[in-house]
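Turn these sequences into a full structure, and let the hints steer you where they fit.
Heads up, the sequence shown is in our numbering, so the first residue is 4 and it goes up one at a time.
There may be inaccurate statements among the hints.
What the hints assert, rightly or not - What follows is a set of in silico ranges between Cβ atoms, one per label pair, in the way DEER data are often shown:
#1 Thr-207 to Gly-135: 23 to 33 Å
#2 Ile-69 to Asp-234: 27 to 37 Å
#3 Arg-33 to Gly-71: 21 to 31 Å
#4 Ala-136 to Gln-65: 17 to 27 Å
#5 Pro-19 to Ser-117: 37 to 47 Å
#6 Arg-33 to Ser-117: 10 to 20 Å
#7 Asn-176 to Gly-99: 16 to 26 Å
Hints were generated in silico from the structure; no laboratory data involved.
Beta carbons: idealized from backbone N, C-alpha and C, even for Gly.
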Amino acid sequence: MNLIGNFYPISGTESPRSDDGSSPLIQLQRPFVYFGNTYYTIYVNHNGHLTFSAPFGSFSPQRFPIYGFKDIIAPFWTDLDNSQTGSVLFNQYTSGSVLQQATQDINSYFPNLSFSAEWVFVATWYEVAYFGASRTKITFQAVLISGGQNSFLLMNYGSIASTTRNAGYDTINSYYHFTIPGSFSSFATGSNSTFSLGSNVNVTGRWAFQVDSGVRDSLYPIYGTASSRSDDGSSPLIHLQSPFVYFGKTYYTIYVLSSHV
4 MNLIGNFYPI SGTESPRSDD GSSPLIQLQR PFVYFGNTYY TIYVNHNGHL TFSAPFGSFS
64 PQRFPIYGFK DIIAPFWTDL DNSQTGSVLF NQYTSGSVLQ QATQDINSYF PNLSFSAEWV
124 FVATWYEVAY FGASRTKITF QAVLISGGQN SFLLMNYGSI ASTTRNAGYD TINSYYHFTI
184 PGSFSSFATG SNSTFSLGSN VNVTGRWAFQ VDSGVRDSLY PIYGTASSRS DDGSSPLIHL
244 QSPFVYFGKT YYTIYVLSSH V
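Next up, the structure:
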(Lines of atoms letter the chains of each structure in order from A and count residues from 1; the text may use other names and numbers.)
(Lines give C-alpha, C1' and ligand atoms only; values in the text may rest on other atoms or scores of the structure.)
Protein backbone atom coordinates (compact mmCIF):
# COMPACT_ATOMS: atom_id res chain seq x y z
CA MET A 1 0.00 0.00 0.00
CA ASN A 2 1.16 3.53 -0.70
CA LEU A 3 2.64 5.66 2.05
CA ILE A 4 0.53 8.59 3.19
CA GLY A 5 2.20 11.79 4.32
CA ASN A 6 4.28 11.07 7.40
CA PHE A 7 2.91 7.57 7.90
CA TYR A 8 5.11 4.64 8.75
CA PRO A 9 4.90 1.69 6.29
CA ILE A 10 1.32 0.51 5.77
CA SER A 11 1.94 -3.23 5.73
CA GLY A 12 1.98 -6.37 7.82
CA THR A 13 -0.54 -8.88 9.11
CA GLU A 14 -4.17 -8.07 8.39
CA SER A 15 -6.59 -8.51 11.26
CA PRO A 16 -9.69 -10.63 10.50
CA ARG A 17 -12.63 -8.83 8.95
CA SER A 18 -15.19 -8.42 11.71
CA ASP A 19 -17.29 -5.53 12.97
CA ASP A 20 -16.34 -4.57 16.55
CA GLY A 21 -13.62 -7.24 16.46
CA SER A 22 -9.98 -7.35 17.43
CA SER A 23 -6.75 -8.86 16.23
CA PRO A 24 -5.61 -12.14 17.74
CA LEU A 25 -3.34 -11.84 20.75
CA ILE A 26 -0.07 -10.34 19.46
CA GLN A 27 3.17 -11.33 21.21
CA LEU A 28 5.45 -8.31 21.28
CA GLN A 29 9.00 -8.96 20.14
CA ARG A 30 10.21 -6.55 22.82
CA PRO A 31 8.51 -5.57 26.09
CA PHE A 32 6.76 -2.20 25.99
CA VAL A 33 6.65 -0.01 29.10
CA TYR A 34 3.48 2.06 29.27
CA PHE A 35 3.51 4.51 32.18
CA GLY A 36 5.28 2.10 34.49
CA ASN A 37 3.50 -1.10 33.42
CA THR A 38 5.50 -3.54 31.29
CA TYR A 39 3.55 -5.37 28.59
CA TYR A 40 4.48 -8.33 26.42
CA THR A 41 1.24 -8.61 24.43
CA ILE A 42 -1.18 -6.29 22.65
CA TYR A 43 -4.49 -6.29 20.80
CA VAL A 44 -5.36 -4.07 17.84
CA ASN A 45 -9.07 -3.39 18.25
CA HIS A 46 -11.02 -2.58 15.12
CA ASN A 47 -12.84 0.40 16.63
CA GLY A 48 -9.68 2.47 16.75
CA HIS A 49 -7.86 1.55 19.94
CA LEU A 50 -5.12 -0.66 21.36
CA THR A 51 -5.28 -2.61 24.61
CA PHE A 52 -2.69 -4.80 26.28
CA SER A 53 -4.37 -7.34 28.54
CA ALA A 54 -7.56 -8.27 26.67
CA PRO A 55 -9.43 -7.39 23.47
CA PHE A 56 -11.86 -4.48 23.72
CA GLY A 57 -14.82 -4.19 21.38
CA SER A 58 -16.34 -0.91 22.55
CA PHE A 59 -17.53 1.24 19.63
CA SER A 60 -18.86 4.13 21.76
CA PRO A 61 -16.01 6.56 22.49
CA GLN A 62 -15.63 7.68 26.08
CA ARG A 63 -14.08 10.91 27.24
CA PHE A 64 -10.73 10.73 28.99
CA PRO A 65 -10.12 10.46 31.87
CA ILE A 66 -12.29 7.36 32.25
CA TYR A 67 -10.94 6.34 35.71
CA GLY A 68 -11.26 2.75 34.58
CA PHE A 69 -9.31 -0.46 34.94
CA LYS A 70 -7.43 -0.76 31.65
CA ASP A 71 -4.55 0.88 29.86
CA ILE A 72 -5.72 2.03 26.44
CA ILE A 73 -4.27 3.86 23.45
CA ALA A 74 -6.98 5.32 21.24
CA PRO A 75 -5.77 7.04 18.07
CA PHE A 76 -9.35 7.23 16.78
CA TRP A 77 -12.01 5.64 18.97
CA THR A 78 -15.31 5.42 17.13
CA ASP A 79 -17.66 2.89 15.49
CA LEU A 80 -15.63 1.49 12.60
CA ASP A 81 -16.41 -1.50 10.39
CA ASN A 82 -13.68 -3.36 8.50
CA SER A 83 -15.94 -6.30 7.66
CA GLN A 84 -16.49 -5.13 4.07
CA THR A 85 -13.93 -2.44 3.20
CA GLY A 86 -10.56 -1.25 4.41
CA SER A 87 -7.88 -3.08 6.36
CA VAL A 88 -6.61 -3.17 9.93
CA LEU A 89 -2.91 -4.05 9.79
CA PHE A 90 -0.10 -4.51 12.29
CA ASN A 91 3.64 -5.05 12.02
CA GLN A 92 6.74 -5.15 14.21
CA TYR A 93 10.30 -4.10 13.41
CA THR A 94 13.55 -4.80 15.24
CA SER A 95 15.99 -3.75 12.52
CA GLY A 96 16.22 -1.82 9.28
CA SER A 97 15.05 1.52 7.94
CA VAL A 98 11.94 1.75 10.12
CA LEU A 99 14.09 1.77 13.26
CA GLN A 100 16.29 4.41 11.68
CA GLN A 101 13.24 6.52 10.93
CA ALA A 102 11.93 6.08 14.47
CA THR A 103 15.29 7.04 15.97
CA GLN A 104 15.42 10.17 13.84
CA ASP A 105 11.83 11.14 14.64
CA ILE A 106 12.12 10.70 18.40
CA ASN A 107 15.42 12.57 18.64
CA SER A 108 13.85 15.39 16.65
CA TYR A 109 10.84 15.63 18.97
CA PHE A 110 12.69 14.88 22.24
CA PRO A 111 16.22 16.19 21.58
CA ASN A 112 17.66 15.76 25.07
CA LEU A 113 17.42 11.96 25.22
CA SER A 114 20.00 10.65 22.69
CA PHE A 115 17.47 7.94 21.89
CA SER A 116 18.08 4.83 19.78
CA ALA A 117 15.02 2.82 18.72
CA GLU A 118 15.25 -0.95 19.28
CA TRP A 119 11.66 -1.91 18.43
CA VAL A 120 8.72 -0.41 16.54
CA PHE A 121 5.13 -1.62 16.42
CA VAL A 122 2.86 -0.11 13.76
CA ALA A 123 -0.92 -0.49 13.74
CA THR A 124 -2.74 0.97 10.73
CA TRP A 125 -6.43 1.41 10.09
CA TYR A 126 -6.35 1.84 6.31
CA GLU A 127 -9.40 3.22 4.50
CA VAL A 128 -11.74 1.68 7.06
CA ALA A 129 -15.39 2.76 6.91
CA TYR A 130 -17.67 3.95 9.65
CA PHE A 131 -20.33 1.44 10.61
CA GLY A 132 -23.35 1.87 8.36
CA ALA A 133 -21.48 4.18 5.97
CA SER A 134 -19.49 1.92 3.66
CA ARG A 135 -18.44 4.74 1.32
CA THR A 136 -16.51 6.61 4.01
CA LYS A 137 -12.76 6.08 4.31
CA ILE A 138 -10.64 6.78 7.36
CA THR A 139 -6.90 6.17 7.65
CA PHE A 140 -4.77 6.56 10.77
CA GLN A 141 -1.91 4.90 12.65
CA ALA A 142 -0.60 4.20 16.12
CA VAL A 143 3.17 3.69 16.29
CA LEU A 144 4.76 2.32 19.46
CA ILE A 145 8.52 2.84 19.76
CA SER A 146 10.89 1.59 22.46
CA GLY A 147 14.60 1.65 23.18
CA GLY A 148 16.48 1.34 26.45
CA GLN A 149 14.22 2.58 29.24
CA ASN A 150 12.17 4.84 27.00
CA SER A 151 8.83 4.32 25.25
CA PHE A 152 7.05 6.59 22.80
CA LEU A 153 3.74 6.79 20.98
CA LEU A 154 3.09 8.41 17.62
CA MET A 155 -0.38 8.96 16.19
CA ASN A 156 -0.56 9.67 12.46
CA TYR A 157 -3.68 10.89 10.69
CA GLY A 158 -4.72 10.87 7.05
CA SER A 159 -8.18 11.65 5.69
CA ILE A 160 -10.86 11.65 8.39
CA ALA A 161 -14.57 11.69 7.50
CA SER A 162 -17.09 13.19 9.93
CA THR A 163 -18.44 11.32 12.98
CA THR A 164 -18.26 11.24 16.80
CA ARG A 165 -14.82 10.23 18.03
CA ASN A 166 -12.18 10.40 20.74
CA ALA A 167 -8.41 10.38 20.34
CA GLY A 168 -5.69 10.15 22.94
CA TYR A 169 -4.63 7.72 25.62
CA ASP A 170 -5.70 6.71 29.12
CA THR A 171 -4.32 4.49 31.87
CA ILE A 172 -5.58 2.44 34.79
CA ASN A 173 -7.35 4.84 37.16
CA SER A 174 -6.48 7.63 34.68
CA TYR A 175 -3.23 8.50 36.45
CA TYR A 176 -1.99 9.54 33.01
CA HIS A 177 -4.22 10.61 30.17
CA PHE A 178 -4.33 12.92 27.19
CA THR A 179 -7.06 13.88 24.75
CA ILE A 180 -6.18 15.34 21.37
CA PRO A 181 -7.82 18.77 21.02
CA GLY A 182 -11.01 18.62 18.98
CA SER A 183 -12.17 15.23 20.26
CA PHE A 184 -15.97 15.00 20.46
CA SER A 185 -16.36 18.10 18.31
CA SER A 186 -16.83 19.00 14.67
CA PHE A 187 -13.16 20.02 14.57
CA ALA A 188 -11.98 16.41 14.84
CA THR A 189 -13.03 15.29 11.38
CA GLY A 190 -13.58 16.47 7.84
CA SER A 191 -11.40 18.77 5.77
CA ASN A 192 -10.51 20.93 8.79
CA SER A 193 -9.74 18.07 11.19
CA THR A 194 -7.46 19.10 14.05
CA PHE A 195 -6.25 15.50 14.09
CA SER A 196 -5.06 15.62 10.47
CA LEU A 197 -3.99 19.27 10.34
CA GLY A 198 -2.75 19.74 13.89
CA SER A 199 0.29 18.45 15.76
CA ASN A 200 2.14 18.81 19.03
CA VAL A 201 5.54 18.35 17.31
CA ASN A 202 5.11 20.72 14.36
CA VAL A 203 4.57 17.86 11.88
CA THR A 204 1.17 18.09 10.24
CA GLY A 205 -1.06 15.18 11.20
CA ARG A 206 1.32 13.69 13.77
CA TRP A 207 1.09 13.65 17.54
CA ALA A 208 3.99 12.34 19.65
CA PHE A 209 4.17 11.38 23.33
CA GLN A 210 6.69 9.89 25.72
CA VAL A 211 4.78 7.17 27.58
CA ASP A 212 7.28 5.18 29.66
CA SER A 213 6.66 7.13 32.86
CA GLY A 214 5.16 10.35 34.06
CA VAL A 215 3.83 12.38 36.91
CA ARG A 216 0.66 10.99 38.42
CA ASP A 217 -2.52 13.01 38.26
CA SER A 218 -2.41 16.23 40.25
CA LEU A 219 -4.37 14.67 43.15
CA TYR A 220 -2.54 13.33 46.17
CA PRO A 221 -3.90 10.07 47.73
CA ILE A 222 -7.58 10.45 48.58
CA TYR A 223 -8.09 9.14 52.12
CA GLY A 224 -8.19 10.34 55.71
CA THR A 225 -10.75 11.54 58.24
CA ALA A 226 -14.15 12.35 56.75
CA SER A 227 -15.69 15.59 57.90
CA SER A 228 -19.25 15.54 59.24
CA ARG A 229 -22.03 15.61 56.68
CA SER A 230 -23.57 19.09 56.90
CA ASP A 231 -24.52 21.75 54.40
CA ASP A 232 -22.30 24.83 54.77
CA GLY A 233 -20.49 23.08 57.63
CA SER A 234 -16.88 22.70 58.72
CA SER A 235 -14.54 20.12 60.12
CA PRO A 236 -13.71 20.17 63.83
CA LEU A 237 -10.67 22.20 64.80
CA ILE A 238 -7.64 20.40 63.33
CA HIS A 239 -4.31 20.70 65.15
CA LEU A 240 -1.47 20.74 62.63
CA GLN A 241 1.38 18.34 63.31
CA SER A 242 3.81 21.02 62.15
CA PRO A 243 3.32 24.78 61.97
CA PHE A 244 2.39 26.17 58.56
CA VAL A 245 3.66 29.57 57.45
CA TYR A 246 1.20 31.37 55.17
CA PHE A 247 2.58 34.62 53.75
CA GLY A 248 4.44 35.51 56.93
CA LYS A 249 1.86 34.29 59.44
CA THR A 250 2.39 31.03 61.33
CA TYR A 251 -0.60 28.79 61.97
CA TYR A 252 -1.00 25.75 64.22
CA THR A 253 -4.63 24.90 63.51
CA ILE A 254 -6.93 24.76 60.51
CA TYR A 255 -10.56 24.15 59.52
CA VAL A 256 -11.73 22.45 56.33
CA LEU A 257 -14.98 24.08 55.25
CA SER A 258 -17.46 22.47 52.88
CA SER A 259 -16.84 25.17 50.29
CA HIS A 260 -13.20 26.13 50.96
CA VAL A 261 -10.31 25.88 53.44
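Okay, the hints, checked on the actual structure:
1. In this structure, Thr-207 and Gly-135 meet the distance hint of 23 to 33 Å, their C-beta atoms being roughly 30 Å apart.
2. At roughly 31 Å, the beta carbons of Ile-69 and Asp-234 sit within the given window of 27 to 37 Å.
3. Distance hint check for Arg-33 and Gly-71: the Cβ-Cβ separation is about 26 Å, which falls inside the suggested range of 21 to 31 Å.
4. Checked against the hint of 17 to 27 Å, the C-beta distance between Ala-136 and Gln-65 comes to roughly 21 Å, which is consistent with it.
5. Distance hint check: the CB atoms of Pro-19 and Ser-117 are about 41 Å apart, consistent with the given range 37 to 47 Å.
6. Our hint of 10 to 20 Å for Arg-33 and Ser-117 holds, since their Cβ atoms are close to 19 Å apart.
7. Range check, Asn-176 to Gly-99: Cβ separation about 38 Å, and the 16 to 26 Å hint is violated.
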